[in-house]
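Student: Using the sequences and the accompanying hints, generate a full structural model.
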Amino acid sequence: MKKIILILALLVSVSAIAQNTIRYVAARSGLSLREKQDANSTALAKIPFGTKITVEQVLEDRVPVESEGMKGAWVKATYNGKTGFVNDSYLFSWPVPKATVKDLKGYILQLTQPFGTKLIVKRGSRMNIEETGYELRKQLYKNGAEIHEMIGYEYGSTTYFLPDFDLQQGFLLLRMIPEFKEVFGAQETFPTENKTYKKGDIEYMVTVDKQDFGDGNFWMNKITIEYSDGASFEFVMYYDNAQLVVSLSSGL
Numbered sequence: 194m195k196k197i198i199l200i201l202a203l204l205v206s207v208s209a210i211a212q213n214t215i216r217y218v219a220a221r222s223g224l225s226l227r228e229k230q231d232a233n234s235t236a237l238a239k240i241p242f243g244t245k246i247t248v249e250q251v252l253e254d255r256v257p258v259e260s261e262g263m264k265g266a267w268v269k270a271t272y273n274g275k276t277g278f279v280n281d282s283y284l285f286s287w288p289v290p291k292a293t294v295k296d297l298k299g300y301i302l303q304l305t306q307p308f309g310t311k312l313i314v315k316r317g318s319r320m321n322i323e324e325t326g327y328e329l330r331k332q333l334y335k336n337g338a339e340i341h342e343m344i345g346y347e348y349g350s351t352t353y354f355l356p357d358f359d360l361q362q363g364f365l366l367l368r369m370i371p372e373f374k375e376v377f378g379a380q381e382t383f384p385t386e387n388k389t390y391k392k393g394d395i396e397y398m399v400t401v402d403k404q405d406f407g408d409g410n411f412w413m414n415k416i417t418i419e420y421s422d423g424a425s426f427e428f429v430m431y432y433d434n435a436q437l438v439v440s441l442s443s444g445l
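Each number in the numbering used here comes from the position in the sequence shown (counting from 1) with 193 added on.
For the record, the hints were derived by calculation from the structure and aren't laboratory data.
All C-beta atoms in this analysis are idealised placements derived from N, C-alpha and C, irrespective of residue type, glycine included.
Don't take each hint at face value.
To be verified - Keeping only pairs whose Cα atoms sit at most 25 Å apart, straight-line, the calculated SDA-like set for lysine to any residue is:
| id | residue 1 | residue 2 |
| --- | --- | --- |
| 1 | 374 | 230 |
| 2 | 331 | 312 |
| 3 | 269 | 230 |
| 4 | 269 | 235 |
| 5 | 291 | 368 |
| 6 | 239 | 286 |
| 7 | 335 | 214 |
| 8 | 335 | 369 |
| 9 | 291 | 371 |
| 10 | 388 | 368 |
| 11 | 298 | 388 |
| 12 | 374 | 269 |
| 13 | 315 | 304 |
Unchecked claim - Quick list of the computed label-pair ranges, beta carbon to beta carbon:
| id | residue 1 | residue 2 | range |
| --- | --- | --- | --- |
| 14 | 234 | 305 | 19 to 27 Å |
| 15 | 234 | 304 | 30 to 38 Å |
| 16 | 445 | 228 | 55 to 63 Å |
| 17 | 231 | 347 | 50 to 58 Å |
| 18 | 398 | 232 | 15 to 23 Å |
| 19 | 337 | 260 | 27 to 35 Å |
Tutor: Listed below in structure tokens is the structure:
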């Protein structure tokens with residue numbers, strides 16, 4: 194069973210790319226187009242952040258590559274008439290966020306439009322929620338994304354559902370969006386181990402749920418980050434049914 198799961202993790206991830214597919218460069222400093230499937234080989238070009246490129250993935254020839262804690266593979270790509278190889282960890286299926294995007298809702302609206310009206314389920318008044326009261330708002334979008342907003346007594350959460358993103362791509366995306374600057378700093382690496390650390394005076398506790406197959410191979414299921422800054426915050430991110438789920442909640 195573990196062998197089957199590992200094969201699926203390697204071959205049927207969101208990052209697995211079909212031949213002649215459009216992708217967008219998600220490396221802030223640009224992505225090197227290499228002559229060979231090797232980070233030390235000659236750089237044919239530097240592809241700017243956000244550039245749309247054509248990639249070709251040959252699964253039998255996948256050569257693994259690791260960067261910033263993320264595990265990916267080299268894929269063949271064409272840019273400005275030059276063909277070489279790029280690290281697929283830094284490729285998105287969707288355009289990267291514009292500089293004006295401040296939160297994940299804004300990014301979703303950059304990509305698509307709401308589908309139908311917002312569903313609101315509530316108990317009590319939003320302006321005067323008691324201990325047993327709450328208000329839940331759900332909005333579906335035309336590309337399959339969803340936003341769920343929950344407001345309760347001294348508690349609130351927002352959960353996003355993003356199609357065509359995996360955990361690593363979600364990590365890169367959230368590093369670009371100010372709403373999550375307290376969760377993932379611009380220089381932080383992809384978390385793959387449980388740890389506790391401090392940023393300034395705030396202590397963070399990271400918990401990862403992963404399946405370890407040995408020899409450095411593993412499949413990440415979920416990342417949870419907890420911290421307190423007056424209120425208590427919990428960030429959760431996991432991959433489920435071909436979509437990334439991101440939740441940020443806070444309470445007193």
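Student: Give a verdict on every hint.
Tutor: Here is what the structure says about each hint:
| no. | hint | in the structure |
| --- | --- | --- |
| 1 | 374 <-> 230 | 33 Å, violated |
| 2 | 331 <-> 312 | 5 Å, holds |
| 3 | 269 <-> 230 | 9 Å, holds |
| 4 | 269 <-> 235 | 14 Å, holds |
| 5 | 291 <-> 368 | 13 Å, holds |
| 6 | 239 <-> 286 | 20 Å, holds |
| 7 | 335 <-> 214 | 21 Å, holds |
| 8 | 335 <-> 369 | 23 Å, holds |
| 9 | 291 <-> 371 | 12 Å, holds |
| 10 | 388 <-> 368 | 19 Å, holds |
| 11 | 298 <-> 388 | 29 Å, violated |
| 12 | 374 <-> 269 | 33 Å, violated |
| 13 | 315 <-> 304 | 29 Å, violated |
| 14 | 234 <-> 305: 19 to 27 Å | 38 Å, violated |
| 15 | 234 <-> 304: 30 to 38 Å | 34 Å, holds |
| 16 | 445 <-> 228: 55 to 63 Å | 56 Å, holds |
| 17 | 231 <-> 347: 50 to 58 Å | 54 Å, holds |
| 18 | 398 <-> 232: 15 to 23 Å | 33 Å, violated |
| 19 | 337 <-> 260: 27 to 35 Å | 29 Å, holds |
Hint compliance for this structure: hints 1, 11, 12, 13, 14, 18 are not met, and every other hint is.
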